[in-house]
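S.K.: Spelled out, the chains give:
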Amino acid sequence: MDQTPNTLNYMIAGYVVLFGLPLLYVVSWLIRQRNLEKDIDVIQTIADDQKK
Amino acid sequence: MEKASRNLQILNVLTIVLLVIATALVFFYAPRERVMGDVQRIFYFHVPSAWVGFLAFLVTLVAGIAYLRTGSRGWDRVGYASVEIGLVFTVMTIVSGSIWARPAWNTWWTWDPRLTTYTILALIYVAYMMLRQGVEDPDRRARFAAVYGIVGFISVPITFFSIRWWRTIHPVVIGSSSPTAEGGFDMTSPMRLVFFFSLFTFTVLYFCFLANRLRLERLAERVEQLKARWLSA
Chain A
1 MDQTPNTLNY
11 MIAGYVVLFG
21 LPLLYVVSWL
31 IRQRNLEKDI
41 DVIQTIADDQ
51 KK
Chain B
1 MEKASRNLQI
11 LNVLTIVLLV
21 IATALVFFYA
31 PRERVMGDVQ
41 RIFYFHVPSA
51 WVGFLAFLVT
61 LVAGIAYLRT
71 GSRGWDRVGY
81 ASVEIGLVFT
91 VMTIVSGSIW
101 ARPAWNTWWT
111 WDPRLTTYTI
121 LALIYVAYMM
131 LRQGVEDPDR
141 RARFAAVYGI
151 VGFISVPITF
161 FSIRWWRTIH
171 PVVIGSSSPT
181 AEGGFDMTSP
191 MRLVFFFSLF
201 TFTVLYFCFL
211 ANRLRLERLA
221 ERVEQLKARW
231 LSA
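In order, the protein sequence lines correspond to chains A and B. Start counting the first sequence at 1; every next residue gets the next number (my numbering). Start counting the second sequence at 1; every next residue gets the next number (my numbering).
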């Protein structure tokens with residue numbers, strides 16, 4: 001008789017965390033990168049305006 | 001932003017391919033463990049996550065020593081990036097371990113020596129991030145962070161050896177467990193193959209993350225330089 005417990009739900013929850021957290025971390029890089037690129041654009045625009 | 005270098009692009013693709021293979025091995029090749037069932041498969045990514053956390057903090061230690069010797073800001077960036085990555089993997093380890101523990105130990109959490117030392121380790125490196133936020137002067141910040149990264153690393157071997165030094169219910173993967181350990185199992189050959197492949201994959205993933213995170217850090221530094229130049233003009 002197979003007495004192995006059904007722990008599939010726990011495994012799914014575990015892998016949601018194990019894939020989800022690094023994915024969120026990568027998304028946070030993309031957001032930070034976008035914000036930094038915006039900062040560079042703003043600084044360069046202001047610097048160009050001042051030259052004029 | 002500068003385009004990712006060819007080497008970084010290759011590393012990114014290689015990491016994705018390795019992750020796909022590791023995931024396929026975990027779900028389609030590794031046998032179902034008889035006592036715990038499917039939840040045991042968490043182990044294949046849980047242990048490598050913990051390993052990456054330790055590796056990341058080791059790199060911070062090395063970067064701290066290198067910064068104090070050379071004063072190069074590059075080493076400070078490596079230490080900072082590595083702690084950030086290490087913390088992500090440490091949280092992954094804690095949460096996935098807690099999910100595994102529910103069916104294996106019948107509890108989400110217990111103040112076992114491994115879990116306690118691991119929590120302290122996580123808090124030590126959260127404090128590292130807070131310390132950095134609290135110091136304005138970049139040179140002082142880098143110096144404090146380097147010293148903290150060196151001293152904080154003491155928590156890593158204590159956490160690693162806690163399950164070998166004290167009576168614990170946490171199983172030991174390599175070596176013999178404490179007699180009180182619960183949820184341990186003997187790895188069969190396919191299990192061992194999947195485990196070591198995942199360990200290798202996560203090591204590559206760490207270096208991939210570090211390279212990408214350093215690229216972002218260089219962009220942040222460029223913004224700081226532009227701001228400083230603009231303010232002084």
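Because the hints were derived from the structure by calculation, they are not lab data. A virtual CB, placed ideally from N, CA and C, is assigned to each residue, including glycine. Careful: at least some of the hints might be erroneous.
[Unchecked claim] What follows is a list of derived Cβ distance ranges for each label pair:
hint, chain 1, residue 1, chain 2, residue 2, range
1, B, 158, A, 40, 19 to 27 Å
2, B, 144, A, 16, 58 to 66 Å
3, A, 49, B, 13, 39 to 47 Å
4, B, 173, A, 3, 23 to 31 Å
5, B, 135, A, 49, 31 to 39 Å
6, B, 173, A, 38, 39 to 47 Å
7, A, 40, B, 105, 44 to 52 Å
8, B, 5, A, 48, 24 to 32 Å
9, A, 52, B, 147, 45 to 53 Å
10, B, 73, A, 49, 29 to 37 Å
[To be verified] Mimicking DSS-like on lysine-lysine, the simulated pairs with C-alpha atoms at most 25 Å apart in a straight line are:
hint, chain 1, residue 1, chain 2, residue 2
11, A, 52, A, 38
12, B, 227, A, 38
13, A, 51, A, 38
14, A, 52, B, 227
15, A, 51, B, 227
S.K.: Run through the hints listed earlier and report the numbers of any the structure violates, in increasing order.
M.R.: 1, 2
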